[in-house]
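Engineer: Listed below, chain by chain, are the residues.
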Amino acid sequence: MKMATSSERSPPPFPEDLEPEPDEVGDQDSDDGEDIFLGTDNPLEIKMDPSLSASDIASSTKPLSEASSPPVMDLLSEPASEASSAPMVDLLMEPASEGSSAPMVDILSEPASEASSAPMVDLLMEPAREGSSAPMVDLLMEPASEASSAPMLDLFMEPASEASSGPMMNLLMEPASDDLKEPPKPDIDPLADILNDTPLSEVKTPVAAMPQETPSDLFDDEPSELFAEPRQSNTAKQQQTSIFDEPDEDLFSEPLGEASKKPQNDFFKEALAPVAKASNVCGPLSDNYNEHPTDIFTEEAMTTLPSAVSTVSVNSKTNGVHSDEEEPDIFAEATVELSLDSPRNDRKKKEAAKPSASAPAPSVSASASKPQPKTLEELEEEVEDKFELNISITNPEKVGDGMNAYMAYKVSTQTTLPMFRSKTFTVRRRFSDFLGLYEKLSDKHTPNGYIVPPPPEKSIMGMTKVKVGKEDNSSAEFVERRRAALERYLQRVVFHPSLLQDPDVREFLERDDMPRAHNTQALSGAGFLKMINRATDSLSKMTIKMNESDVWFEEKLQEVEAEDQQLRKLHIMVDSLVGHRKELSVNTGGFAKSVAMLGSSEDNTALSRALSQLAEVEDKMEQLHQEQAASDSFCFAELLADYIRLLGSVRASFDQRMKTWQRWQDAQNMLQKKRETEAKLLWANKPDKLQQAKDDITEWEAKVTQYERDFDRVSATVRKEVLRFEKEKACDFKKQIIKYLESLLQSQQQLIKYWEAFLPEAKAIA
Amino acid sequence: MTSTIDDSDKEKTLSVSVDLNNDTSLLIDIPDALCERDKVKFTVHTKTTLSSFQKPDFSVPRQHEDFIWLHDALVETEDYAGLIIPPAPPKPDFESPREKMHKLGEGEATMTKEEYTKMKQELEAEYLAVFKKTVQVHEVFLQRLSSHPILSKDRNFQIFLEYDQDLSVRRKNAKETFGSFFKNMVKSADEVIISGIKEVDDFFEQEKTFLLDYSSKIKDSTARAEKMTRSHKNVADDYIHISSTLNSLSVDDNTALKKHFEKLSDLFEKLRKVEGRVASDQELKLTELLRYYMRDIQAAKDLLYRRARTLADYENSNKALDKARLKSKAVAAVEEQQQQCLQRFNKLSESGKRELTSFKGRRVVAFRKNLIEMAELEIKHAKVGHTGDSLSFFLSVFYMYWGESDSIPHCRVCICVCVYIQLKSVVYIHLG
Chain A
1 MKMATSSERS
11 PPPFPEDLEP
21 EPDEVGDQDS
31 DDGEDIFLGT
41 DNPLEIKMDP
51 SLSASDIASS
61 TKPLSEASSP
71 PVMDLLSEPA
81 SEASSAPMVD
91 LLMEPASEGS
101 SAPMVDILSE
111 PASEASSAPM
121 VDLLMEPARE
131 GSSAPMVDLL
141 MEPASEASSA
151 PMLDLFMEPA
161 SEASSGPMMN
171 LLMEPASDDL
181 KEPPKPDIDP
191 LADILNDTPL
201 SEVKTPVAAM
211 PQETPSDLFD
221 DEPSELFAEP
231 RQSNTAKQQQ
241 TSIFDEPDED
251 LFSEPLGEAS
261 KKPQNDFFKE
271 ALAPVAKASN
281 VCGPLSDNYN
291 EHPTDIFTEE
301 AMTTLPSAVS
311 TVSVNSKTNG
321 VHSDEEEPDI
331 FAEATVELSL
341 DSPRNDRKKK
351 EAAKPSASAP
361 APSVSASASK
371 PQPKTLEELE
381 EEVEDKFELN
391 ISITNPEKVG
401 DGMNAYMAYK
411 VSTQTTLPMF
421 RSKTFTVRRR
431 FSDFLGLYEK
441 LSDKHTPNGY
451 IVPPPPEKSI
461 MGMTKVKVGK
471 EDNSSAEFVE
481 RRRAALERYL
491 QRVVFHPSLL
501 QDPDVREFLE
511 RDDMPRAHNT
521 QALSGAGFLK
531 MINRATDSLS
541 KMTIKMNESD
551 VWFEEKLQEV
561 EAEDQQLRKL
571 HIMVDSLVGH
581 RKELSVNTGG
591 FAKSVAMLGS
601 SEDNTALSRA
611 LSQLAEVEDK
621 MEQLHQEQAA
631 SDSFCFAELL
641 ADYIRLLGSV
651 RASFDQRMKT
661 WQRWQDAQNM
671 LQKKRETEAK
681 LLWANKPDKL
691 QQAKDDITEW
701 EAKVTQYERD
711 FDRVSATVRK
721 EVLRFEKEKA
731 CDFKKQIIKY
741 LESLLQSQQQ
751 LIKYWEAFLP
761 EAKAIA
Chain B
1 MTSTIDDSDK
11 EKTLSVSVDL
21 NNDTSLLIDI
31 PDALCERDKV
41 KFTVHTKTTL
51 SSFQKPDFSV
61 PRQHEDFIWL
71 HDALVETEDY
81 AGLIIPPAPP
91 KPDFESPREK
101 MHKLGEGEAT
111 MTKEEYTKMK
121 QELEAEYLAV
131 FKKTVQVHEV
141 FLQRLSSHPI
151 LSKDRNFQIF
161 LEYDQDLSVR
171 RKNAKETFGS
181 FFKNMVKSAD
191 EVIISGIKEV
201 DDFFEQEKTF
211 LLDYSSKIKD
221 STARAEKMTR
231 SHKNVADDYI
241 HISSTLNSLS
251 VDDNTALKKH
261 FEKLSDLFEK
271 LRKVEGRVAS
281 DQELKLTELL
291 RYYMRDIQAA
301 KDLLYRRART
311 LADYENSNKA
321 LDKARLKSKA
331 VAAVEEQQQQ
341 CLQRFNKLSE
351 SGKRELTSFK
361 GRRVVAFRKN
371 LIEMAELEIK
381 HAKVGHTGDS
391 LSFFLSVFYM
401 YWGESDSIPH
411 CRVCICVCVY
421 IQLKSVVYIH
431 LG
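Protein chains in written order, with UniProt numbering: chain A, 1 to 766; chain B, 1 to 432.
Bear in mind the hints are in silico, worked out from the structure with no lab data behind them. Hints are all accurate, no fakes.
Calculated lysine-lysine pairs in the DSS-like style (CA-CA distance at most 27 angstroms, straight line): (1) A:K763 x B:K369; (2) A:K620 x B:K219; (3) A:K582 x B:K120; (4) B:K360 x A:K763; (5) A:K680 x A:K694; (6) B:K198 x B:K347; (7) B:K270 x A:K582; (8) B:K273 x A:K569; (9) B:K259 x A:K569; (10) B:K227 x B:K91; (11) B:K273 x B:K380; (12) A:K739 x B:K258; (13) A:K569 x B:K103; (14) B:K380 x A:K739; (15) A:K763 x B:K383; (16) A:K735 x B:K383; (17) B:K369 x B:K273; (18) B:K383 x A:K620; (19) B:K132 x B:K41; (20) A:K620 x B:K227.
Start from the sequences and build out the full structure, keeping to the hints where you can.
Structural biologist: Okay, here's the thing in structure tokens:
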């Protein structure tokens, strides 16, 4: 079971890239890339109602969402409560952990937020999400900072403006100021955290001691899950509670009070303490929502819409950008999510619930900032190994001699994924193998609208140099550059949840005696031809005016094209910067030598000394400039080159979508023709041919439906892939830019150091 | 950009230190200059207490050619043979910025308007810097003359300063240009010839080897320093393009990266300024120093040549005397000439020794001053680049956006504060 492995990875993924979690639902679950919920949720869904196939989710759940919520709750809660036995708990935990903290928090916080008011949903979600998995800074900062221009703006501002009341402001401020006071606390032992830091222990309530008991069951089974979860839930809860209790006590005292009446105490003994802790806010609230609707809730009249609300928030959460999702999708996802979250709540309600509603809010807010440092820790770990799959390419080695020589790279994989035979393994691959892998993947996945990461280009120039065996700087740099590019390429492949499932990828990583990709030698040429073909192909597609039904695609394509252009320009600029910096380095070196000479012939001792010192400084500067040029090139130029290539793939996937659309249109036209033929035949009264025509029509009707479905599927994939790509891009750029800035910063610091050391020498000239 | 010019302008007045004595009896400066096509008109302003001038305070318009005339006049004055004549200021050269401007105009289509404006500004600044440097060099030439105890009393110099009409120095015609070229050839050949003469004074022997060696080294250094500053300038220019491309990227981008591209663009813009200043300061403090001393050393070498020439003359006259004695013909006349030569040679040696010693001291002081200033400026710029409103701030901003502030602990605090303030303002804005 996948869950077991994922549970070892306690920290939730970084919010921005949480979704590319390899999912065992795999291929048939095309949605996993974009929405964890759908993906992770499927097993649950199936379990709850075996009759629902994954693909049917949307249709089956739609009615549910349209129905008023109590029935939905009931319906969904039933299986859940059945499943409250151990396996079900696992199952429920699993999606949560896989789905990483963010969605988890959403689930938990959602009912609460819904309960309070519609606009607040977003608000609650956002901080909760951030808080749970991003470092504390991100928690509130991000919305705040992005509020100025990013899409999140709406998310954050909207609630504020809609609420437009004093308490609302407090509500926003409160968590922030809390954080401010709280320096990051390095917590190493998550267990200790849970035991000590859970708000529960600080709550002077009957349940106070409960957390200590909770570990008994769950900690043994899935400790990490628990670690991950409590934190999330804590944060979620704190967000909520601070929000809840501050703005309006009345509003919440009621539901909370109600909650306290519930038989929840056993809950903690049952083991889910931290989770329940979270649910004790939202669970009961949602209960109230369903069973004892108070004024507030009825006022909001959200009963029929919770799913819609939640989806909107989910969408915006998954990327923070694509709130432009379309309604139908939203509903599909929403209901699915709802189905996940309501059983959860029910389960929690059953297993346990609010221990003490009397005091939770203050205590919670008191400990509000504590879990966040923890999540920081988590994040750090998370960033390092977010996929349980580490791939590195090392030891480039020249094999053979002369023009038949090639570079072989050591591809080492470290993984905990069960799909691989062992945890660590190493294979040797040559460059053409990488190209071969791409060809295979591209052939298989591009038609489906996937963005297949492209490998670095074949460089005849660079390779020839290496082949000739010049052991100079540039060929070493070339090899290193290529090694790094291949590594990034392979990482992109395996980080892609769908591509990772591909047997070819596995074979590439695992198999010792990889059959040499045929036509490798010609591959660069053939690939080039292929690319030209593709280009002309897409060009011809361009000429066909696609009646774009979806503005999103149109806009995205434009964006991608504009970005492509800009990136190309930027790449040229950065290349020229690299060139100029190298030139500067060389010139500085020349100057350093020259100054050294000047110093040696200077007859004033002090001046001579100072000049040779200056020569040394300049020597170091040369080094510095050289390093900086390398960092310009490796951090910046390479990143841009990667993304120029990747944008090509993105465009290819758009083209693919266009192609499928074209096929569909053609089929429709064909069908139209067939129908006309039929009508003619009917008119001409030729029954013998009529049957044939009718058969044709049915055949083409089937084709049209098939192609339409294909188109829809490809469109969905493309959309998801583009969103995924954007997230990856943001993440990559972030990482690289920070790295680059750090290198700049460091060289500036070195510069200061060198010149400061030189200053006294200059002053010593008498 | 304007502020930069002003800053560097002030620094520029110190760019070439010539160890001027603080004699206030004759103060010369060039407060103003006018650039007309390829002619530059300098306003030479003099303030003096010397009685040899008619007025204590006056200004005259002068052109570059007038300076050259003055220099040549001084060089040709026999009495000053034992002095290091301050090197003539180089001809104003506005070709390189002009050419660049032309190129920029051609490439206008390939860049954004903003980029173009920035590039243009940069070039204008460069042009202005060249202009000011030109004025500077001319001023320094006059100041060195005015601070020299003997040269300041030169009649030509005083005319140059005082004569309020156009000096209307005739431009050298082709023949004269060729003539001076020929003279130079003869001089170089002569140098080779007289280099065979055995030196009688160790001091001059040493000076000669030193200056020869030093001048070739400093020539090389100057060329390399020029190259270095030029490529530094290129790096700064690249930053402009990168910044503007990033900016347009951020305009198109609608994802979370938008803000970050914007910030990065700002950062590159700031870095551009930093690098640009580093380049121009290096140019000012280092290249200009080397350039000036390259010329000054040439002047010192000229002095040595003149002395060697007189030494050769003396030896020749010795030989002539011997010959005359042998033939016992016109011995007295030759003897007198020989005595004259000796006298001249001794005089030259004496003043040359004095001049060269003071030159050495002056050079060391100038190098010291400029190197210190350069190191300080480098540190200043690097610090501006790295603290204040640039690198580390931007880095912290990026950490903030991406929540990776762990590596810079202190940043976290300021980030929190920033965000707190931001948060506040956002909320306040919304509450009206």
